[in-house]
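**Q** Spelled out, the chains give:
Number of protein chains: 2
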Amino acid sequence: MQKLQTLKGFRDFLPSKMMIRNEVIRRLKQVFEKYGFDELQTPSLEYQELLLGKCGEEAEKLMYLFQDPGNRKVGLRYDLTVPLARVVTSNQDLPKPFKRYQIQPAYRAENTQKGRYREIYQCDIDIVGSSSPISDAEILAVINDSLKSLGFEKFKIKINSRKILFSSMEKAGIPEDKWLTVAQSIDKLDKKEKDEVKKELLGKGVQKNNIDKLFDNLKNVKPDKYLSEVISLAKKLNVSKSLEFTPTLSRGLDYYTGPIFETVVEEPKIGSITGGGRYDKLLKDLGGVNYPAVGTSIGLDRVCDVIEELNLWPEILKTNSKVLVTIFSEKLIEKSLETAQKIREKNINTEIFQSIESLDKQLKYADKKGIPFAIIIGPEEMKENVLTLKDLNKKTQKKLSLEKVILKLSK
Amino acid sequence: MQKLQTLKGFRDFLPSKMMIRNEVIRRLKQVFEKYGFDELQTPSLEYQELLLGKCGEEAEKLMYLFQDPGNRKVGLRYDLTVPLARVVTSNQDLPKPFKRYQIQPAYRAENTQKGRYREIYQCDIDIVGSSSPISDAEILAVINDSLKSLGFEKFKIKINSRKILFSSMEKAGIPEDKWLTVAQSIDKLDKKEKDEVKKELLGKGVQKNNIDKLFDNLKNVKPDKYLSEVISLAKKLNVSKSLEFTPTLSRGLDYYTGPIFETVVEEPKIGSITGGGRYDKLLKDLGGVNYPAVGTSIGLDRVCDVIEELNLWPEILKTNSKVLVTIFSEKLIEKSLETAQKIREKNINTEIFQSIESLDKQLKYADKKGIPFAIIIGPEEMKENVLTLKDLNKKTQKKLSLEKVILKLSK
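So the protein lines, in turn, are chains V and D. Residue numbering for the first sequence follows the working numbering, starting at 1 and increasing by one per position. Residue numbering for the second sequence follows the working numbering, starting at 1 and increasing by one per position.
Treat the hints as calculated values from the structure; they're not laboratory data. As the structure is a prediction and not an experimental result, all values here were calculated from the model. Misleading hints may appear alongside valid ones.
Since copy identity is lost for identical chains, a pair holds within one copy or between any two.
Stated by the list, open to error - Here are the simulated lysine-lysine pairs, DSS-like style, with alpha carbons at most 27 Å apart:
no., residue 1, residue 2
1, Lys-222, Lys-235
2, Lys-318, Lys-383
3, Lys-383, Lys-281
4, Lys-335, Lys-208
5, Lys-213, Lys-383
6, Lys-73, Lys-198
7, Lys-318, Lys-225
8, Lys-281, Lys-154
9, Lys-194, Lys-411
10, Lys-29, Lys-411
11, Lys-199, Lys-148
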């Protein structure tokens, strides 16, 4: 085969990986839908004009842009926010607020040496068309419930507001044109020493006395009225223990206009896996209608990788198949098929071995694939009108009636 | 917004469409997994060398081929068979037979005036590494159960074998180099008059007496040994009423080597929605390992379109949300939030209205979005410790305790 490998940064998801991914997605969707979010899907390809809209040079360099067979200038989806802006603008009769989740890949020609993928599965939850703190609180509740549903026990949802951060800077005498770059340095305070960050700020041309004042201000700052409302509403939605006001949190992206949030999972030690906030001007800036919006992203690839690497879900099997019905001989094929069909009728995932081989080889197949049970129907079983059910994990076996086998497999 | 529209042939799936698509996919996956198929996903982008492999000129013209930002020659997935060939070749330790299903979009720059999409959701089920008729029979059983699970009552699974067709041609004296093109004409016999097909064959340079002999042969032909076995095994898997031996069935694609099958749904009148067969040489021809294989495609887009157009599933709602909790006043926000949260704890999909508006406006939102129930909690309800539950379809309302509301919504 000419090119056996996948492209760098692109992945095959073999069945055992899909088992985990599907379970992660199932749990997340259940939470999103419990909060009244519906699913949206958009095309992989869009017009370049749309993708490039207001994106910076850096993003443009990472985009997969090309001409299609009809010579249109097109490109692969770079994120899920630009398509959302397009959808709410071109479907203005959608009920507002529009609450949607979207789980689809985006494409970025990232440096893969940093362990980054180029086909990245994104998972975004957003509320478009509401400027109420209820919406911010609901996004926090979705994050809280999502992480719990994934089995993460100990995590913090850090929360801050761009408005608070900028007003602290203003009070410290930092000129407005430096606010965004200062915010980016401040954001590193959870990983870097204070002095290091101060040095970085000096390097960015901020005055020493302004920096000291800013650090003083950040020590004493409190949530403003809007953020206080968000926090108090979130508590009514059972988000309390995990919520942590963090005046130094600033998030990298420039488009946030109000509350910003980020989740840090502490047990297992995963680090940041969600990020989001309020972006009341972004949709208009992208060329869409002027809707306020708030939302979050969940790092789906990271979550799936961690669950697999740390074997957090040992109960998830490598296959959907619960039982393999073996075939004893040419003469008994039909008996095996009929038996399998009766088990399937009870909604138990059942495989039939696909040819006549030694029993040993058939059981090895089940073992390799991770099927937990096997059934043997030989002449002896036929005579006694029973099945031999092998538990391939416990390495035990028992002769049972079909009804009892079904009962056992249904558990 | 610069380019509001999607590219021609590409589609947004708004929530109401996603409700139907997700339900179709859920039902299909359940059947596939019941028969021991696991899910595989592969990247959207592959090396051009792989995609072009043995594809004809026609396919090449329809492909989305380009250079990525690292100047690699790449292209969008054209089908799910080429990636399957790559996966089984580069993962030779996968347990064999490898039974997988794959539901992902493929990209073809088709003429959209014919109502064709360019981002086509494909749904393939295949068994790789088995030359046993059990496998062919299982694919037939999966087709049979899939269509039943989608609620299609009356359908035919037409079955034939390329070997039978070719041997009839050989006996009729048709030269081997004409077999494939003759097969393509013969395939049209269910849509065209016999005389028209005969004329087409004459035009292809087939002798009149050979054509007449072929038509005679096809009248009397019977399933060969392999096909008879497939049919008899399929019957053990409950595929019987729907199965129909059709000596003129030939399928368009050249790569089938044995049994071929096609489903025609007669009620509702949908026509052909599955196609497949045995392709024992294709994987090797694509440059992969020499594995026999058999499988089928299900026309997912067509199925979803038909279900929507004919309103076959009126019970599928436009939204996942079961109930909207309205907000009576600023003072009562928290009460509404707490109530919503208690209902969510019972796994009922619950929305909260996102701001304080007139009740009328809130109910209109629920109506527009298709949420079937709404809850009102005003001062009166607070005093009586009840909720007002409105059934928005029946236009009735009742004061009930929270417990009774949950009971009613759980149905």
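**Q** Would you mind marking each hint as holding or not holding in the structure?
**A** Evaluated hints:
1. In the homo-oligomer, the alpha carbons of Lys-222 and Lys-235 lie at most 27 Å apart inside one protomer (17 Å), although the nearest pairing across protomers, at 73 Å, exceeds that limit.
2. Proximity of Lys-318 to Lys-383 under the C-alpha cut-off of 27 Å is found in neither arrangement, the shortest distances being 35 Å within a copy and 55 Å between copies.
3. With identical chains, the CA atoms of Lys-383 and Lys-281 are never at most 27 Å apart, being 76 Å at best within one copy and 42 Å at best between copies.
4. In this homomeric assembly, Lys-335 and Lys-208 never come within 27 Å of each other (Cα to Cα): the closest approach is 85 Å inside a single copy and 49 Å across copies.
5. Proximity of Lys-213 and Lys-383 under a CA criterion of 27 Å is satisfied in neither setting, with 90 Å inside one chain copy and 52 Å between copies.
6. In the homo-oligomer, the alpha carbons of Lys-73 and Lys-198 never lie at most 27 Å apart, since the shortest distance is 45 Å inside one protomer and 46 Å across protomers.
7. Taking the closest pair of Cα atoms, Lys-318 and Lys-225 never come within 27 Å of each other, the shortest separation being 50 Å inside a single copy and 37 Å across copies.
8. Proximity of Lys-281 and Lys-154 under a CA criterion of 27 Å is satisfied in neither setting, with 34 Å inside one chain copy and 53 Å between copies.
9. In this assembly of identical chains, the alpha carbons of Lys-194 and Lys-411 never lie at most 27 Å apart, being 56 Å within a copy and 57 Å across copies at closest.
10. For a Cα distance limit of 27 Å, the shortest separation of Lys-29 from Lys-411 qualifies both inside one copy, at 25 Å, and across copies, at 21 Å.
11. Taking the shortest Cα distances, Lys-199 and Lys-148 never come within 27 Å of each other, neither inside one copy (39 Å) nor across copies (69 Å).
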